[in-house]
Amino acid sequence: MNNVLLEVENLKTYFPVKGGVLKKTTGYVHAVDDISFKVNKQETFALVGESGCGKSTTGRSLLRVIEPTSGKITFRNEDVIRLSKEEMRKKRKDMQLIFQNPYSSLNPRMTVNKLLSEPLRTHFSMSQKEIEEQILWVIDKVGLTKEQLDRYPHQFSGGQRQRISIARAIISKPSFVVADEPVSALDVSIQSQILNLLIELQKDLKLTYIFISHDLNVVRHISNSVAVMYLGRIVETGDTEQIYTSAMHPYTKALLSAVPSKDPLQKKKRIILKGDVPSPVNPPNGCPLNSRCESAMSICKEIRPELADMGNNHHVACHLYKE
Amino acid sequence: MENILEVKNLNIDLITEKGNKKLIDNVSFNVGKKQSYGIVGESGCGKSITALAVMQLLSFPLKTSGGEINFHSEKESVNILSLKKNEIRKIRGKEISMIFQEPMTALDPIFTIERQIIEALKFHTDLNKKDMSDMALQMLKKVGIPRAEEILKEYPHQLSGGMLQRIMIAIALICKPKLLIADEPTTALDVTIQAQILDLMNELKTSFDTSIIMITHDLGVIAETCEKVAVFYAGQIVEETDVVTLFHNTAHPYTSGLLKAVTSLGDKSKNLFTIPGMVPAGGHMPKGCRFEERCNKKMKICKDKSPELIEIADGHKCRCWLYAESGDN
Amino acid sequence: MRSYIIRRILMLIPVLIGISLCIFLIMQLIPGDVISGLLGIEENPELRAQYVIKFGLDQPLPKRYIDWITNVLKGDFGTSFRTDKEIFPEMMSRFKITFQLTIMAAMISWIIAIPLGIISALKRNTWVDAVVRFIALLGVSVPNFAFATLLILFLSLKFQYYPPVGYVGFFENAKVNLQIMILPAIVLGTIMSGSVMRMTRSSVLEVLRQDFIKTIRAKGASERVVIFVHALRNGLIPIITLIGMQIGGLLGGTVITEQIFSIPGLGQMVLTAINQRDYPVVQGCILFIAFIYVMVNLIVDILYTYVDPRITYK
Amino acid sequence: MKNIIEILKGIINIIKQLLKDPIGRIGFIGVFIIVLLSIFAPKIAPYDITEMFTKSKLVSPNGEFIFGTDNFGRDVFSRIIYGAKVSLQVGIISVGISATFGYIFGIVAGYFEGVVDSIIMRFMDVLFAFPSILLALFIVSVLGPSLGNTMIAIGIVNTPVFTRTVRASVISVKSMEYITSAKSIGLKPINIILKHITPNILAPFTVQATLALSGAILTEASLSFLGLGIQPPDPSWGSMLSESRKYMERAPWLAIAPAVFIICTILSFNILGDSLRDVLDPKLKL
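Protein chains in written order, with the UniProt record's numbering: chain E, 1 to 323; chain V, 1 to 329; chain G, 1 to 314; chain A, 1 to 286.
It is possible that part of the hints are untrue.
To be verified - Subject to a maximum C-alpha distance of 27 Å in a straight line, what follows is the list of computed DSSO-like cross-link-like pairs (lysine-lysine):
#1 E:Lys268 <-> V:Lys34
#2 E:Lys267 <-> E:Lys301
#3 E:Lys262 <-> V:Lys33
To be verified - Examples of chain G residues lying across from chain A (beta carbon under 7 Å, computed):
#4 Tyr4
#5 Ile5
#6 Ile6
#7 Pro89
#8 Thr149
#9 Gly249
#10 Val294
Stated by the list, open to error - Where chain G lies over chain A, by a calculated footprint (3+ residues, C-beta under 8 Å):
#11 34–46
#12 67–78
#13 101–111
#14 121–127
#15 139–148
No wet-lab data here; the hints were simulated from the structure.
All figures in this text were calculated on a predicted structure; none of them were measured in a lab.
All C-beta atoms in this analysis are idealised placements derived from N, C-alpha and C, irrespective of residue type, glycine included.
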């Protein structure tokens, strides 16, 4: 049984850097630098990492909201990258995006009703009545009321706006949703409401999620498998519990140890990474972490480690674990 | 323990065309000498403006409308709210310093790092230029900046957020203040950089003998850095106690809700705990308890009458009818 | 920084080509042709043929453009239809006068506008601010010819004062020269101060709203330091851009003012040429003024890189 | 139909907000008066604008001729009223020209970026490199002075400003996530432009149009002052003011009336523009 919904192979997304006298392209930001992964049906695959690691660009490249430079994205046995612009546009009813910032992701001049009917009018030829029915269905799902349909986004709180965004994403009944930091802009008490909603919707509508976040606690809660990204690459990937309980890559370990403790009596022993993330324009030779890693060896400066299978679906890109 | 700062019945108003809205309602708390005092709450609860009031940095349309903020330096004790402009200036940066949430915008973009560090010394000391430069260099080294000599000559836009926050700390500590107010100092930073900055602050606190007020929305940051904590909700303190009691003997339903939301997160065996509803909007405060609508332990009285902040155990204050009744009986 | 400046200079080339092409093509839109204007009502085929050869009108369009540009690059703007004199030397001597007027006007506008703009920003929402803002609004609303006419009217009716007639160069007689120039400079400068005032005010207010101002206050800075060291230094940066545009505007604005006050500057030369249908002069002067404008803006941009450390990284 | 009602409601709401502020009220009323004057010019003007009362040349203001008469014995008040009509006409049509081209160029440049953007913007840079009054003067002198050519010239001169405003707003709106959201939902570019971008750039666009209107009226008056705009016998405030200079001492009212009207009209439009900006774009309010 083929349980894979989406398979990404060697995805690269580079942005040109212009400079010099004639504004020629002098280099590339290696935002996403050769990554591969698989997402199973009705599961949640999380991309986790710090700002600038390329997790958001990856999410957007999958939907071709940002055009990837090269690679293969197989979605339901079809290479999405090869679709024409028009075919891709139509495909979007099945692949949707939820945004981080509920304040800027909704057009301030459209009512909730208009915002929700737009995807339907774009992709289906439905009668007004059918559209209305579909809208009623979706607001019930996300916990909005009928009275709120004629209001504008600024009349809602952050949590409610995120509900509107989610409704807009699921109203065309997609099977695949990329959620890009959907709870990062929200307060803790609202965050959990939205996470619960996403989990419920996944069960109800048989959704497959790619969940992008910098918050390791949130990721652990919602995902089945995780890929940890650093400087445009996946450094470690595997089943969520496996990664959280027996992380292998020094970066994953540092990341996990950096999360503040939830109990003042249990002070964690921290692995502190030195310095800052290097520029993605000129990523270092060898392992991208070598300048900051405590266990760096001489080989790390020269040869870039590839993801290697550690068994149980656990892959790590680090020289420490090579024979 | 001796106190360095005593806030008594502080009120802060937002001036609008339709009259004033009370954003901070009779807040009182004390910060001990060399203590790390945490203020935690969600956005809009009034934690940041309280900090600004301590520095007398509130600007129109915000203003303090009552209360006292008593600061006890080695020489004298003063009520900050009654100080004149030129008097508070001698305290800012010298006795009390502050660092802010967004290091990227907190420094003047057209001056070098060196000039901005020296500026603080210029206001409060009579050192000559050479000595000030030396001190700036020493300070940068203390906050763990690599190639400090070069960085001194650079401009803010050339540095990363983590570096800039270190520089902000250097500026704040260069006159050896007695109290450091940190307003969400790591919120804009990545976790690994946050870990660096929190470590640095804990370390400098001991070597500089300063008290710290740590303002944050993140209970994790509180657990890592603070000794005593006040939980703010909708412009009031709802619970205040030492950090261990707060986490292990939580009294207020809001605090325990927040903690449960955080601790159940990541643990898939438990359902994710949620607090339903949302914070009442400023200016439309209910007449009873401000948390009543969202509370899972509410009683009849909660809707009608606002509870007071009372001491429910030694050094543990809570604003909730659950405990007020037991006190009465 | 150097690469930025070089790029900025290289970017000028297409703009300058565009400008000259634009002027050249607009000239082709003249109804009928240039010579008809010159000949007047009497049609004289012989004279026409002479003129066609003299001005090279028998050549194809691209060649005429290239010839014109090559000559211009050598400093040869051709000769006037009317006077047969070389255009370039005349233009240069008149430019000196316009330049003097522009500088005087600009200085007057800065002296009025920058302090008032700052005061207005610092006293925001007080009556001082309201008054300054109204003056600034008047400045951007009153056409300079209306102001000039009213000013002359007022001076003559009230004080029986008439500005001296007959232009005298600055180095011939500085006192008389200044007497002649001061009124037009006041007119241009006062009008221009409106936009500078508005810009100064909003720019200073913008800086005062920035986060870093709070940091500076938190360090214990006095209001004097906050305003004069930080708010002004930051706030005056965008005003430099405005000054560039302002000087360009002045070069255009002098057309009318020079006309009203009979100042023999570049503006008057253009206007006379337009009225006399002296097209080579019109063409030359417009190109020259546009060139000066572009150069002023270039200088402003380069100046920018020195005042604002962020610019080179853009 | 429902949309039209919505739009009208929106406009009424904006006017209400304008009238709340005393300064906005002045601007609004000023513009309102000018508009009334120009619409009802034939009804308001007591005399024909070309009628010459040969016996009463250069008569000072009195009950019969409230603003006096000029050197041909024409009624100044009537000419001023018709002048309002001409000014407004030139203003509206020339702003219409520049707004239309500016919108199209700005949308195309801002939305599609790349080569198209470079070409359009370099062209605008070229137009921008001329002091605006000089470019208008140049175009009019080449095309020949007339009402129509004045409008065309002013229209061309103002196009770059509109293009830049529109382009800048399109770029800033485009960076908002709701545009990415519209793309990710699968909207066609034309729908994104019409339904998502256009409504959100309307505010700066309207403000720009109001301010450009005052600029256009000013430029027209300047051209006419120099004798290169509206041609006689059509009345224009600029040419009336220019004419008045010959009779400055004998008949100062000839100068004062048009000068006051020019200043008040431009001032009203500028005040209205400023207040509109405060209402529509509160972020810019300082």
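Against the structure, the hints:
no.	hint	in the structure
1	E:Lys268 <-> V:Lys34	holds (23 Å)
2	E:Lys267 <-> E:Lys301	violated (33 Å)
3	E:Lys262 <-> V:Lys33	holds (26 Å)
4	Tyr4	violated (17 Å)
5	Ile5	violated (18 Å)
6	Ile6	violated (18 Å)
7	Pro89	violated (21 Å)
8	Thr149	holds (5 Å)
9	Gly249	holds (6 Å)
10	Val294	holds (5 Å)
11	34–46	violated (count 0)
12	67–78	violated (count 0)
13	101–111	violated (count 0)
14	121–127	holds (count 5)
15	139–148	holds (count 5)
Of the numbered hints stated above, those contradicted by the structure are hints 2, 4, 5, 6, 7, 11, 12 and 13, listed in ascending order.
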